[in-house]
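Peer 1: One-letter residues, chain by chain:
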Amino acid sequence: MTADQYPKIYLYRRIVQAKVFIDKCYAEKIDLNNISDEAYFSKFHFIRLFKSIYGKTPHQYLTSVRIEKAQQFLQQGKPVTEACSLVGFESPSTFSGLFTKLVGKTPSQYLDSHKERQSQIQQTPLAFVPGCYAYMHGWKENSNFEEAEK
Amino acid sequence: MITKMTITNIHVLDQDSAYDFYINKLGFKLVDDIPMGPETRWLTVSPPEQPDLQLVLFPVTVSKMFPKEVAETLIDLIKRGIFGCGVLTCNDIFATYEELKSKGVEFIKPPTKEFYGTEALFKDDSGNYFSLQPLNNFDNENNI
Numbered sequence: 020m021t022a023d024q025y026p027k028i029y030l031y032r033r034i035v036q037a038k039v040f041i042d043k044c045y046a047e048k049i050d051l052n053n054i055s056d057e058a059y060f061s062k063f064h065f066i067r068l069f070k071s072i073y074g075k076t077p078h079q080y081l082t083s084v085r086i087e088k089a090q091q092f093l094q095q096g097k098p099v100t101e102a103c104s105l106v107g108f109e110s111p112s113t114f115s116g117l118f119t120k121l122v123g124k125t126p127s128q129y130l131d132s133h134k135e136r137q138s139q140i141q142q143t144p145l146a147f148v149p150g151c152y153a154y155m156h157g158w159k160e161n162s163n164f165e166e167a168e169k
Numbered sequence: 047m048i049t050k051m052t053i054t055n056i057h058v059l060d061q062d063s064a065y066d067f068y069i070n071k072l073g074f075k076l077v078d079d080i081p082m083g084p085e086t087r088w089l090t091v092s093p094p095e096q097p098d099l100q101l102v103l104f105p106v107t108v109s110k111m112f113p114k115e116v117a118e119t120l121i122d123l124i125k126r127g128i129f130g131c132g133v134l135t136c137n138d139i140f141a142t143y144e145e146l147k148s149k150g151v152e153f154i155k156p157p158t159k160e161f162y163g164t165e166a167l168f169k170d171d172s173g174n175y176f177s178l179q180p181l182n183n184f185d186n187e188n189n190i
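Chains A and B are the protein sequences, given in the same order. Heads up: the first sequence begins at 20 in our numbering, then just goes up one per residue. Heads up: the second sequence begins at 47 in our numbering, then just goes up one per residue.
These aren't lab readings, by the way, just hints derived from the structure by calculation. Treat the numbers as computed from the prediction; the structure is a model and nothing was measured. Hints may contain errors.
[Stated by the list, open to error] Chain A side only, calculated, beta carbon under 8 Å to chain B, not exhaustive:
| id | residue |
| --- | --- |
| 1 | 34 |
| 2 | 49 |
| 3 | 51 |
| 4 | 80 |
| 5 | 157 |
| 6 | 158 |
[Claimed, not checked] List of simulated lysine to any residue pairs, SDA-like, C-alpha gap at most 20 Å:
| id | chain 1 | residue 1 | chain 2 | residue 2 |
| --- | --- | --- | --- | --- |
| 7 | B | 149 | A | 142 |
| 8 | B | 169 | B | 135 |
| 9 | B | 75 | B | 55 |
| 10 | B | 71 | A | 72 |
| 11 | A | 88 | B | 76 |
| 12 | A | 70 | B | 169 |
| 13 | A | 43 | B | 135 |
| 14 | B | 169 | B | 98 |
| 15 | A | 70 | B | 55 |
Just so it is clear, CB atoms sit at the ideal spot from N, CA and C, and this is done for glycine as well.
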């Protein structure tokens, strides 16, 4: 069986198109009708097919993408309120609740722990690299880059 | 008693390009990107649902580990696509194939039913190849 022969290729392409739409437009006001329109499906048929492929409903997937992107914005140093709006949430409390549920920390806790880790990396980068790699790369002998950071 | 694999290497030709491939195309998650001097960095990624396995995107440059002759040979072999780096698992091989292909990933073999299950083969940006297989590859009817 080759790619051109596998069954219902057009269905796969439409569902993938919808998934990529979510990946790109997560920050916009999109709802299920937008997404199913993107895939040219009825809403219920679309939900069933999407879940059969990705193991999540389109709405669950959209939420997971938004929270994933929010983590990236927080890592870049954006404040929690800005990260919230940048990923398309209007309500900070909804954002905070979903973030905590999926990540296991509140956005503020996540931001603080990320800052703490970055600070430790700045101070002692080699502490984050297994010694065998550092040795074989010669990083332990050449600490100039550590000096340059100070 | 060995309990698990935590870190393994993927030898790459260019870390910037590998970052783009593994993060933006394959959807892997960045674990560490720590500068280690002017020309190299500690760059590790994890498969999206396997955070406790770090893949080191390991640049093949002349170093204590790779003397010049070794580095040149290794680079040549990687470019020629000699190294298979393992099997990557996905929920749905046809959908994953369509998505990766649309992102420009080069497939050596599209999803193909073999006697051992359904498999596709693709190359990374350096030339390393991976087998892509569905989660339950004993079930060849794993499609819509």
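Peer 1: Against this structure, judge whether each hint is valid.
Peer 2: So, going through the hints one by one against the coordinates:
1. For residue 34/A, the interface hint holds, the least distance from its beta-carbon to any beta-carbon of chain B being 6 Å, beneath 8 Å.
2. A hinted interface residue such as residue 49/A counts as satisfied when its beta carbon comes closer than 8 Å to some beta carbon of chain B; here the least separation is about 19 Å, so the hint is violated.
3. Residue-level restraint check for residue 51/A is violated (minimum Cβ-Cβ distance to chain B is 19 Å; threshold 8 Å).
4. Given hint, residue 80/A at the interface with chain B, is violated; its Cβ is 12 Å from that chain's nearest Cβ, farther than 8 Å.
5. The criterion of a C-beta within 8 Å of any C-beta in chain B is met by residue 157/A, whose closest approach is roughly 5 Å, and the hint holds.
6. This hint holds: residue 158/A has a C-beta 5 Å from the nearest C-beta of chain B, less than the 8 Å allowed.
7. The straight-line distance between the Cα atoms of residue 149/B and residue 142/A is roughly 38 Å, outside the 20 Å bound, and the hint therefore fails.
8. Distance restraint check for residue 169/B and residue 135/B: the Cα-Cα separation of roughly 15 Å lies within the 20 Å cut-off, and the hinted pair is therefore satisfied.
9. For the suggested pair residue 75/B and residue 55/B, the alpha carbons sit about 15 Å apart, so the restraint of at most 20 Å is met.
10. As the CA atoms of residue 71/B and residue 72/A are separated by approximately 18 Å, the hinted pair is consistent with the 20 Å bound.
11. At roughly 12 Å between alpha-carbon atoms, residue 88/A and residue 76/B fall within 20 Å of each other, so this suggested pair holds.
12. A distance of roughly 28 Å separates the Cα atoms of residue 70/A and residue 169/B; the hinted pair therefore is violated under the 20 Å criterion.
13. Distance hint between residue 43/A and residue 135/B is unfulfilled; the C-alpha atoms sit about 24 Å from each other, more than 20 Å.
14. Under the criterion of a C-alpha separation no larger than 20 Å, the hint pairing residue 169/B with residue 98/B is inconsistent with the structure, at around 24 Å.
15. A threshold of 20 Å between alpha carbons decides the hint, and for residue 70/A with residue 55/B the separation of about 33 Å lies outside it, so the pair is violated.
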